[in-house]
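As a plain string of letters, each chain reads:
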Amino acid sequence: MSSDGIDRRDALKLIAAAGGLTAAASSAEAQNPAPAQATPPARTLPLAGPRGTPTDPDLLRPRADWPRKLSAGELATLAVLCDTIIPADAKSPGAAAAGVPAYINEYVSAPYDGQMRDLIRVRGGLAWLNVESGKRFGKPFARLSAAERAQICDDICYLPKAKPEFQAAARFFDLVRDLTAVGFYTTEAGMKDLQYVGNVALPRFDGPPPAVLKHLGLA
Amino acid sequence: MFLQNPKSQTNYDVIVVGSGAGGGMAAYQLAVAGLKVLVLEAGRSYDPVRETPMFKLPREAPLRGGGTRDKPFGFYDATVDGGWEVPGEPYTNAPGTDFRWWRSRMLGGRTNHWGRISLRMGPYDFKPKTRDGLGADWPLTYEELAPYYDKTEMLIGVYGGDDDLENTPRSSPGALMPAPAPRATELLTRKACTPLGIPVIPAHLAIMTERQDAATLPRKLHPGNRLAQRVLAESMRSRQACFWATPCGWGCSIKANFQSTTVLLPPALATGNCDIVPDAMVREVTVDKQGRATGVSYIDRRTRTDRHVMGKVVVLAASACETARILLNSKSSTFPNGVSNGSGLVGKYLMDTVGAGISGQIPALENCPPHNTDGASGMHMYMPWWLYKEQLAGQLGFARGYHVEFGGGRGMPGPGIFGGLEAYTQGAYGKRYKEEARRYYGSFMFFDGRGEMIPNEDCYCELDPDVVDQWGIPVLRFHWKWSDHETKQAAHMVKTFSEVIQAMGGTVVGNRVETDGARAIARGGQIIHEVGTCRMGTDPATSVLNEWCQSWEVKNLFVTDGAPFVSNADKNPTLSILALAWRTCDRLVEELKRGNL
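Protein sequence lines, in the order shown, are assigned to chains P and G.
Quick note: the first sequence uses our numbering, first residue 1, plus one each step.
Quick note: the second sequence uses our numbering, first residue 1, plus one each step.
Source of the hints: derived by calculation from the structure; they are not laboratory data.
Here the structure is a predicted model, which is why all the values come from computation and not from measurement.
Every residue, glycine too, gets a C-beta built ideally from N, C-alpha and C.
One thing to keep in mind: the hints can contain errors.
List time: in silico DSS-like cross-link candidates among lysine-lysine, alpha-carbon distance up to 27 Å [claimed, not checked]:
(1) G:K555 with G:K312
(2) G:K191 with G:K220
(3) G:K127 with G:K488
(4) G:K220 with G:K151
(5) G:K289 with G:K331
(6) G:K289 with G:K56
(7) P:K214 with G:K555
(8) G:K289 with G:K312
(9) G:K389 with G:K191
(10) P:K163 with G:K431
(11) G:K36 with G:K191
(12) P:K161 with P:K135
(13) P:K192 with G:K56
(14) P:K161 with G:K431
(15) P:K139 with G:K431
(16) G:K495 with G:K191
(17) P:K192 with G:K289
(18) G:K331 with G:K555
(19) G:K488 with G:K289
(20) G:K129 with G:K431
(21) P:K91 with G:K220
(22) G:K488 with P:K91
(23) G:K220 with G:K495
(24) G:K481 with G:K127
Pulled a few chain P residues facing chain G out of the computed Cβ check, cut under 8 Å [to be verified]:
(25) W128
(26) E132
(27) G134
(28) E148
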C-alpha cells in the first residue's frame with residue numbers, strides 16, 4: 001500500500017486546499033483580522049507519514065539509535081551473569097547466545113529517567129560482582145567456576161533472605177534477572193521455550209482446546 | 001488515505017473541529033447528508049492501512065516495545081505525538097491536584113488506540129438524579145438514544161452477547177456481531193464468579209467477528225439516501241473481519257476494529273463533500289456582532305501561520321477538555337467569558353472513570369497446555385455491575401456501580417514478563433529459573449474495575465492565566481477531588497477482586513489488598529474517559545448545551561465529543577459519544593434545512 005504516487009496525490013490535494021483556505025481567510029479578515037500570511041518556509045514538516053521524532057517514530061522501521069554506554073569489560077561480566085540466570089538447557093540456548101547482554105546495554109543506555117537510574121544500579125552491581133569475586137576467590141566474576149559463581153549468587157538472589165550487607169547487590173541481581181527474562185523470552189528461542197503459539201492470523205477463534213479444558217477442570 | 005478532495009471549497013456548511021469519535025461521526029453524517037464539511041485536525045495525517053505495525057514483534061522495537069515518556073503505552077501503540085504529555089503543549093494542575101490529560105495529535109485522535117470496549121449506557125444512567133438524588137439527569141432517555149446505539153453498532157461493527165440484565169440493555173436483533181468464544185481464563189473466572197453471584201457475560205467490543213453485510217446495512221442505516229448507501233457499502237466492503245492476531249491498540253490495517261480513520265473518515269471523503277486539514281490547531285470560535293459563530297481560527301502547525309475558515313455551522317469535537325479550552329479562549333465583547341459560557345459552566349463538572357485493579361496468580365493455570373489465547377486482543381467477557389438493588393437500598397456506602405475488565409493468559413512475551421517472579425520462586429536463577437518460567441507463564445490474571453464517578457463542584461478545568469502553549473494558546477489548569485462515593489467504590493473493587501482470586505484458588509500478587517480507597521483509586525484522568533465540561537440540559541442557567549448538544553447561546557454551534565455528558569456511567573464513553581453525535585447531526589441537518597441556523 002505504500003506508493004509514492006499516493007503521497008504525491010495527497011500533497012497536490014492539500015496544496016489545492018491551502019489555496020482555498022487562503023481565500024477564505026482573506027474574506028474573513030474584516031471581522032477577524034489576522035497577521036499577513038507569510039509564504040510557507042521552504043522546508044516544512046512532511047504531509048503524510050511518521051515524522052521521525054521520539055513521539056512519532058516510524059513503527060515499521062524501528063530504531064534504538066542512542067549511544068550504548070556499557071564498556072566491553074562490563075558487557076563481558078554481564079554476559080556471564082545473564083548465562084548464570086538463564087543458562088542453556090535441553091530446550092533452549094542461554095541468555096548470552098540469545099543476545100540478552102546487547103538488549104540490557106540498549107536498555108540501560110536509553111535516554112529516559114528510569115533507565116538512567118537502572119544504569120547506575122547495573123554498573124554499580126557489575127563492579128561489586130568483580131570486587132566480591134576478587135575478595136572471595138582472587139579473580140574476576142567472569143573467571144569463576146560455576147560453583148564459585150553460585151556461592152555469590154546464592155547470597156544475592158532473593159532479596160527477602162539476603163543479609164543486610166547484600167541488600168544492594170540483591171536489588172541489582174533482581175533487576176538483571178528481570179531484564180534477562182524480558183530479553184530472553186522475547187527472542188524467537190525464548191518464545192519457543194515458553195511455547196507461545198499466537199501472533200498468527202486465524203480463520204476463526206475456537207477458544208481453548210479439550211486438553212486445556214481438562215487441565216482446568218472445565219471439561 | 002485521501003486527505004482532500006480535488007476541488008477546493010471555500011464556503012463550508014459546517015466546520016468540524018476534531019476527527020476522533022465525535023468529529024469523525026459528524027464528518028460522516030453531515031457529508032452523507034449533502035453538506036459541505038471541513039474537518040480540522042490538530043495532529044498530523046495518519047493512515048492505519050499504511051502505518052500499522054501488524055505482526056511486528058517486541059524484539060524488533062526499541063526496549064522490546066516497552067513504554068517510555070515518548071510512547072507511554074509502548075513503542076507500537078498507535079498514538080502519535082501524544083500520551084500524558086504532548087510536546088510543546090503543556091497543561092497545569094492547581095495545588096493539590098494531580099490530574100493526567102491523555103491527548104494524541106493525529107487524524108482519528110484517540111480512536112486509533114482505544115480499548116474498543118463499547119457498552120451502552122442503560123435507563124438508570126440517563127436519569128441518575130431521579131434514581132438516587134445525586135448528580136444530574138440527562139435531558140434525554142435511554143429509549144431516545146437506543147435507536148442510535150443500534151445504528152452505531154451496525155455502522156462501526158460491534159461484537160457482543162444478547163444478555164438483558166438490569167441497566168445493561170440488550171441491542172436490537174441484528175445490531176451486534178457474534179461474540180468470540182471465551183478464553184480459558186474467562187471460563188475459569190466465570191466458574192468462580194457464578195457462586196459469588198457475579199455475572200460474567202460476553203463483552204461488547206468494536207471489533208468485527210464477521211464481515212459487515214454491505215448489501216443490506218447501508219439501506220437500513222440510510223433509507224432513501226443513495227449517496228450514503230453507496231459510500232457506506234464501499235467502505236464496508238473494504239473492511240475485513242478480525243483474524244485473531246496483533247493488538248488492536250496498535251491500529252488495524254485490515255479495518256477489523258473501529259477507528260475513525262478506517263470507518264468514518266474514508267466514506268466521508270468518498271462523498272466528495274468533505275475536506276480534511278490536518279496540522280490545524282484550533283484556537284477559537286469566531287463570532288459576529290449578533291453572537292453567531294462565523295468559523296474558527298487555527299494555527300497551521302506546519303507553517304506556524306494563523307488562519308481562519310468560515311462556515312454556517314461550527315461543530316466542536318476536540319475532546320471534552322480541548323473543546324472547553326477552545327470555548328474559554330473564544331473571548332469577545334459579546335462573550336467576555338468565552339463563547340457559550342454565559343452560565344459560567346464551561347469546563348465544569350469534568351469527570352473521569354473510577355479505576356482500581358489488582359492481579360492474581362492462579363495455580364490452576366500453571367503448566368497449561370500450549371494454545372493460542374490472542375483472540376480479539378481485548379476481552380471476550382466481562383462483568384457488568386450486579387449490585388443495583390443493594391446499592392439503592394444503601395447497603396454499599398457508595399452510590400454508583402462499576403463493571404470489571406479482566407484477562408490474562410498466554411499472551412505474547414513482552415516487557416514486564418516475569419517481573420516479580422522472584423517472590424514466587426524464592427529467588428530462582430539458573431536452570432530452575434527456566435523451569436519456573438515455563439510453569440508460571442500464563443498463570444497471572446488482572447482484574448480492573450471501571451466505575452461511575454458522580455460530577456462534583458471540585459472537578460473542573462479553566463484557563464491558566466500564566467501559561468501558553470507553543471502556539472500561543474492559553475493552556476488548561478485542572479482541579480480535581482474524588483468524593484467518598486468514588487474512593488469507597490474503589491475499595492469495594494479491590495476487595496471484590498481479591499475474593500474472586502481466592503475463589504479461583506489463587507493469591508493476590510503482592511499478598512496485600514489496599515483497603516484505603518483513596519490509595520487504591522487511579523489518578524483523575526488516568527482512565528482516559530474525560531467527559532462533561534459542557535454539559536447538556538433543559539435550563540440555560542444550569543447547562544451549556546440544550547437537549548440536542550446545541551449551544552444555548554450560539555444557535556449555530558454544536559458539540560459532539562464527550563463534553564456534553566451529564567454523568568459518566570461505568571460504561572466506557574466512546575459508543576455513547578458516537579451515538580449521541582449521530583443524533584446531534586440529524587438535528588443539525590434538520591435545523592439547517594428549516595433555516596433555523
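Are any of the numbered hints broken by this structure? If so, which, sorted upward? 2, 6, 7, 11, 17, 19, 20, 21, 22, 23, 25, 26, 27, 28
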